[in-house]
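Residue numbers (the numbering used here), protein chains in the order written: chain X, 1 to 326; chain P, 1 to 518.
Possibly wrong hints are sitting among the right ones.
Said to hold, decoys possible - Cross-link-like lysine-lysine pairs, in silico, PhoX-like; alpha carbons within 25 Å at most:
hint, chain 1, residue 1, chain 2, residue 2
1, P, K119, P, K139
2, P, K385, P, K340
3, P, K119, X, K83
4, P, K170, X, K83
5, P, K203, P, K119
6, X, K83, P, K230
7, X, K83, P, K203
8, P, K288, P, K381
9, X, K83, P, K113
10, P, K230, P, K113
11, X, K83, P, K381
12, P, K516, P, K203
13, P, K288, P, K471
14, X, K83, P, K393
Stated by the list, open to error - Covered stretches of chain P, going by a simulated chain X footprint (3 or more residues, C-beta under 8 Å):
hint, region
15, 236-247
16, 477-490
I should point out that these hints are in silico values taken from the structure, not numbers from a laboratory. From the three backbone atoms N, C-alpha and C, an ideal C-beta is built for every residue, glycine too.
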Amino acid sequence: MLAYLVKRVFQAIAVMFAISLIGFAIQDNLGDPLRELVGQSVSEEVRQQLRDELGLNDSFVTQYVRFLGNALQGDLGTSYFFKEPALDVILKKLPATLELVMGATLIIVGLSVPLGVYTAIKPNTILSRLIMGISIVGISVPVFLTAILMIFVFSVELGWFPSYGRGDVVHVFGYWDTNFATADGWVHILLPSVALASIMLPLFVRLIRAEMMEVLQSEYVKYARAKGIRPYRIYFIHALKNTLLPVITVGGVQIGTMVAYTILTETVFQWPGMGFMFLEAVNRVDTPLIVAYLIIVGFIFVVTNTIVDLIYGLVNPTVNIARMGA
Amino acid sequence: MKHFASTLAVATLTATLSTAAMAEVTIKVAYDADPVSLDPHEQLSGGTLQLSHMVFDPLVRWTKDLQFAPRLAESWEQIDDTTMRFKLRDGVTFHSGNALTSADVDWTFDRLKASPDFKGIFAPFTDVEVVDELTFDLKTSEPYPLVLHTATYIFPMDSQFYSGTTEDGKDKAELVKHGDSFASRNLSGTGPFTVTEREQGVKVIFDRFDGYWDTASEGNVDKIILTPIKEDPTRVAALLAGDVDFIAPVPPTDLKRVEEHDGTTLITEPGTRIITFQLNQNRVEAFKDARVRKAIDYAVNNAGIVDRIMRGFGTVGAQASPAGYLGYDESLTPRFDVEKAKALMAEAGYADGFSVTMMAPNNRYVNDDKIAQAVASMLAKINIKVDLQTMPKAQYWPTFDERAADMMMIGWHADTEDSANFHQFLTHCPDEATGNGQYNSGNYCNPEADALMAEANATTDQTKRGELLRKLEGILYEEAAFIPLHWQNLAWGARDGVHAEKIVNALNFPYFGDLKVD
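Please model the complete structure; the sequences and the hints are all you need to start from.
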């Protein structure tokens, strides 16, 4: 177990190094940050001078080595737009994004299990067909379209929910302000969470349904039925347990993907998280912030994947951990 | 009951504290971007100027019909060829409580001269000479016709407030681009509002300054909450849902929606930013021939583009200067005649046409990529085959600097609100030493036109100057130096009861201090 852990940590470090190199290499193709920092009529001469001051005229290797040296000391550069260390900017935006992901996760967990189980047990009812039909639509409609549609229906036409922003937040600690402490916060987080969940929820409903149907065909379920155990006990105690194991694994990996999807959701809802910040940074050619974002999101991916692998090994001891690491 | 009692107590207290116990007027405003910094000299951009008009105040400012109105300067007179004497308004105080004097103007002027973004505009100016507490002379090296135009950029800063050092030993006056400075986070101006809270990219809160000098203004807004909402559909939805009271800009696709929706008003004005194409004579031999350039101008249907792509939300143009500018010549009308274009091509020996490359941004100007596509298909009718490439502005500008295509799109708004500025940057013979022709990707060069601009810029007699600039526009039109398309219109959306139509202008900095809300 320990050897496996060490191995995974080394792998993670190698991946982080690769991400930083790629992130740094693409920044030259993102455009000229100076264009965003100065007015249109500023002369080329002045711009060159500012480029020198920013160190943008140094060679790639010089810039990368300087970046890496600073990064190892926890300094990922200073955002041009926010005028603050890029790491601080992202850490300040992180809670908003995590709360959004949390909201979406709650919706996914709360709905996917009952819906998945129901459609597996009663696959031929009208309701099941309806659920499966909607789930196809859910998977195919892009998040930003769902989001804009929801704004127009629930904010503009019906006026039930606010159209943008986080609303009243309550300070918890450090950079953490929470939406979950006030009614206004709840009202604000609902639409964005549903939008973000819309892409993952159908996936999980279908996954749970497929797994459940498979389990229901297995020998031990048949045996339990033959023994006369009540159906609901079979479904929810015996079958569901075995259904959820692969679902949890997929779920852990999908959390990382969900962080990526927040870029679209946050942009449409003007949600002040780090996905929205990233898209803005790309538009502004705020290169230090872009690179820092890539590194941190890469880090989240790497960490969640590692943890998921470890948990999987713990939950299901039949998996040979030593071999997984090889 | 207890709750009621405390409410009553607070109400009584408020009533006794303020002589006029009126309800506070708060409005929520959503723009597509927020100002990059609180330092008015850090970046010359629309966002900065909008902010400056809210928290600082200029010496003079533009009126709706592009005339000058006195603000902090009460009056001015030309005392010799190179000196304009200004008299400051008496009794104006900064947010810090300091009184505004000539010394503040002098201090601000020196800072402007040192700002990378602003020093270009202030290049013709040599000095501010303080005459007395409220009188100062603004001096130029040569007779210069744009003294008042430039005075609209002088927003006096509180020299006492910005002097000295911060706790960590930095100079408070320091002007840092893209850096953390005292001025980028603190401010003291003479404007109608002060910034009380700011979270960059999320919101800015403005509170009315109690000591504001302009008590004659009918403005009654006590608090403004500015939220940047970049996404067009979200911004419009926020207005329609009643979550905000005023938005800018309204995208062309939603004009009708805002206009027809109950409870919201659409306000539009012709803008002053011209959208053009430049024809690179260094890359394409045929573009050296004025007949070919004219043929292209004849082939492009400006009115059609405005009508269909811009949904009527632009003003068809045939020159760089918009109406109201000195150089504007109403006799220059858009050319559109495909037959004539074909004839000109044949006359120049290009009846069979040729192929060119074209580049345009896809997120800089309104519908920029669609406009470029339309122009490309229009040119196909006169046998010019266009290979079009569009890209985000971040990538576009470096490409533009390299002059990487035969035809390139560029839009321009004159920082000086003056016709000569268009020529200086867009069509003047490129000259690295002076910076003239910096955005002339067409490499059009006409010494006669340049001489006219030089003469105009040394003529202080406005009537004579107008003649020179009109002549200049006439030459560029006759030579088809570039392909003018249209001026982008401006659009704002407001909730009913927000009388925004009185405070908006073609320059796109609404005077929120004068905003009246029912």
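Structure versus earlier hints, numbers of those that do not hold, lowest first:
5, 10, 11 and 16
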